[in-house]
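Chains as they are written, first to last, in the working numbering: chain D, 1 to 291; chain C, 1 to 591; chain Z, 1 to 234.
Where hints are given, some of them may not hold.
[To be verified] Chain D stretches covered by chain C per the calculated footprint, using a threshold of three residues with CB under 8 Å from any CB of chain C:
(1) 141–153
(2) 182–189
[Stated by the list, open to error] Cut-off 20 Å, straight-line C-alpha distance, at most; resulting in silico cross-link-like pairs (PhoX-like, lysine-lysine):
(3) K10(Z) to K163(D)
(4) K129(Z) to K163(D)
(5) K107(Z) to K160(D)
(6) K111(Z) to K160(D)
(7) K75(Z) to K163(D)
(8) K468(C) to K10(Z)
(9) K111(Z) to K111(D)
(10) K160(D) to K105(Z)
Worth flagging that the hints you see were computed from the coordinates, not collected in a lab. Every residue gets a Cβ at the ideal spot worked out from N, C-alpha and C, and that includes glycine.
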Amino acid sequence: MQQLILGLRDGSLFALVALGLVIIHRTTGVLNFAYGHMGMFAAYITFSCYAFFGFPLLLAILMGLLFAVVLGMLTEKFLLRPIRNLSHSAMLIITLGMLMTLEGTALWIWKQDTRQLPNLISGKPLLINIGEIFLVITRQDLLIFILTAVIVFGTFFYLKYTKVGLAVRASSQHEEAAKLMGIPVGGVYGFAWGFGTALSALAAILAAPKTYVHPNMMLNLQIQGLTAAVLGGFDSLPGAIVGGLLLGVIEQYVGEWISADLKLAVALIIIIILLLIKPSGILGKSSKRRV
Amino acid sequence: MMKKYKNMILFAVALAILPLLFLNQTFLISIFSQVLIFSIAALGLNILIGYAGQISIGHAAFMALGAYLSAVLTKNYNFPFLITIFLAGGFSGLFGLILGFPALRLTGFYLAIATMAFGVAVEKIIGASDYLGGHTGMTGVPNPDLFGFNVSSDLGKYYLICVITVILFLFAHNLLQSRTGRAFKAIRESEFAARSSGINISKYKLIAFIISAVYGGIAGALYAHTINYIAPTDFALGLSINLLAMIVVGGLASLSGNVIGTILMVAIPFLFSRINLPMSIIFGVMLILVVLFFPRGLSYALYIFQWKYLWRPYVWIRKRLRKMQFKEDKSMFVKLGDIKIHFETGGNPTGEPVFMVHGNFASWRWYEPVLKRLNQTDYRGIALDLPGFGDSSHPERDISIENYAKELEGFINTFNLKKINLVGHSLGGAVCLRYALNNPDRINKMLLIDPAPADGLVTPEEYYPVLKSYQNNRGLLKMALSGMITSDDPERLLEKLTDDALLMDQRAFTENARALERYHYLDELLKINFEVLFLVGDKDSLITEALLKPTVQRIKNARIEVLKDTGHAVNVQNPDQFVTILTDFLKEKKI
Amino acid sequence: MLKLTDVKLKYGYVEALKGITLEIQEGTITSLLGANGAGKSTTLRAVSGLNHIYDGEISFMGEAIHNRSTDYIVKQGIIHCPEGRKLFPDLSVYENLLAGAYVIKDKERVKENIQRVYTLFPILSDRRKQMAGTLSGGEQQMLAVGRSLMADPKLLMLDEPSLGLAPIIFEQIFDTLIELKSAGTTIFLVEQNANAALHISDYAYIIEVGKIPLEGPASELLKNDKVKQKYLGG
């Protein structure tokens, strides 16, 4: 049972990452390879605000999230929108360029040895026992669960029941038709990128206490998030969530029973197998039909 | 045959000479070696991405496979170096085949994810293996051992790698020109179209994967023996992305771009080694800038740059020289109001007059060979530069066939002749037609060489930018005109014709083509009673017999003759034949 | 109301519109007729901002709107019902209509408009929760037209609304257009079915290969020989 909890906790982070990746991909059609690094950079910003400028933790986190939103929107508007019509591979390559630039810049500003520095960027590191079965859930983990749940449900609700949500869904289904409805599609894309990137930042910040803040902190998480998204059928939002949780649990059991080192390998193998057999994932539909 | 490989040979020679310039800086030579090694890997990736249109961000894995196999075989089992290189290539190629199969079903970002997962997996698995040295890597990889020689110096290694690089580039070059290469390009452009033309997509995709993997494996093996130390982190995701960056920045689907990209990516870190700036920033920014602003890579951008900015001053200088050469007082001119029309004559001064009108991008000189050969005949040839061409002045009026015809009329009138013969070539043919329709009683006989037909000639919109570029690109213009000249060119006629073409009114470069679209004389052709001979070369791709049929049919006394093995301008290509046809035609009595 | 002056548009190197001049008078139904590929849809796309023009002017009620963003143009009251319907396949009928009303801020008005569309096309009301991608061809076309009515257009542009529809249905649509006209909506109709279009139009333009060789009151064009030959089936 403990394993399940731990798995779900890891899975929540995967789900967050997957959610952001899928939102960005569904609306703008780009697979953001720099996704993890964008979150990483935001985590660095949070760290700097907290450790160097002495901001209160919550404010520092807010700054990090804000940074992520702005970074996402600027990337979409100035780097990706100009070449939308070129090809999806070109956009993908730009995200690779972003990946390199962000990694290099983080190295440059904060140097390699930041590895050791700050733990516990966030988190209330108290341990609580809950219920009759003795489960150990740290407050941090509880926070992760709650936040993820709130965000997931909030996102679904927002997309389904608000006007902006409708605009987002419409834009991702048919860009031109959405334009003809008077929907400012460019703004929708910027919004999707801003929100998606903020999710990456949140995941990074939540994971930071365990992974520490360093330039490659999000690499593993991004791969796992990617796996989760593929598991869920890349274009499905609920799929991303389910995929994430599922992956988290699977990895946890693999780690328990086989070897902890192979956790990442498991994710990679799952990706490869899935892509071989059923690229549409467990929950996805096979291909798009146009109207 | 040598010409085809001219670039390759230059490249090879340059490579051979290069290290001799830096003999005392052996560390630089080792850098050159690395450039070559990575260019091999990049070439493999380029074949896959640039030519076959697939995507892969796991290429470093192939280098890793080749490197480790070769290292293990030579270090632990004393295999000869050359054998291990082959085996490394083959081993990687095998994995390329394995990776290729699933790749057949995946496209776009799914393929990207799969290849990335493959790359990371290989790195992790190697890192987890103690036999291969684990995370710390394998040291003591032996130097290449070539037929007993132990190649341990940087210089020696460099030349060895050089030879292998040139061989691999040659092979790639040939492959890409062959059927396989064409299949790659077809698949890249449109899988759907390729499949419908019967190309076996799966086969060629697999071939692309295998070849790219083989190149990666060989590069990896060379790397191992050059640096003598390999670790999993050498072949991480970062390298895969760097390789991708190399070919994107250099220019996809371009061998020269390959080299440029590799040089940049290896050289820049060393230029910047003083500053503590991580290279990923520079590479990342370069990658982004190139995709945004030079999507076809730097090699293409350089090509465009040379095209646009180096040719221009050259052309300007040549035009000046040409104009200075022309001695106005020693040449013949007719003045029509403000317009000066230059002309040359040839043949028998008392002979029957034959006026010769040139075509687009041309001048009187297109009849120079003809004029020379008229000396033994009864005819006097008069070839003019139409206004806006050659050494005639450039009037302000709109460019149209009608205006050219009017000016031709004015020109001819100054000779005070009752009847004339008329020869027109290409655009000049259209001008002659208009003149003939305006003055049908003036003409004895008319001969048209590959003329624009009476219902106009449309130039596809895509060509207009090319036409405009001729204004400043002498090389391109010369190439376009060279199709009209025979292979032996005793008087360097082509050079002179190109220079003449550049003298054209700037507007005319595109306006002439527009003028050719805009007229329609078919209905008026009934006015023509005199004999008209149409000559068409069977190899003329612009004007064909079919195109001229409607025109020929509507003229009472017209006939068309198709010339064998002749292109667009028999007057230049085969002046002897033309003069014979001309004189025979003019001599003919009507039956 | 809408004026195009010497509008030129290129797709890459291909000139699709070579200098289009036309005018739509307020309160009329004006048709643009022509064969496939003549440039009819392209003209509408230029007006609604989906494609940029490289020469010429487009003005709406005196204001230049060419090369402005589509959402700006929609806010001015120009609604373009595109060819090929272009519905949102994974949104329900209701949500598609809602999307059509994106620029309307007043919730009551939105509700009213939806009711109107349901009254007009009762079958849409029956299927209001169904995903648009699963509707039949005719139903989709009705939804497309209904959706374009949601934003209370001042100028309604329809691209081949009759395509693929059973005669009864497109008669229904055409009747609706006439009703809309009497209620004050200006209509710009692009059609291949020249006969039907001319019968409900006040004025019409013929477009051929990117140019307008002929225009005039619809009644006259119906009698014009060339028009009869080319577009009215002899």
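Consistency of the hints with the structure:
no.	hint	verdict
1	141–153	violated (count 0)
2	182–189	violated (count 0)
3	K10(Z) to K163(D)	35 Å, violated
4	K129(Z) to K163(D)	17 Å, holds
5	K107(Z) to K160(D)	17 Å, holds
6	K111(Z) to K160(D)	18 Å, holds
7	K75(Z) to K163(D)	16 Å, holds
8	K468(C) to K10(Z)	18 Å, holds
9	K111(Z) to K111(D)	59 Å, violated
10	K160(D) to K105(Z)	18 Å, holds
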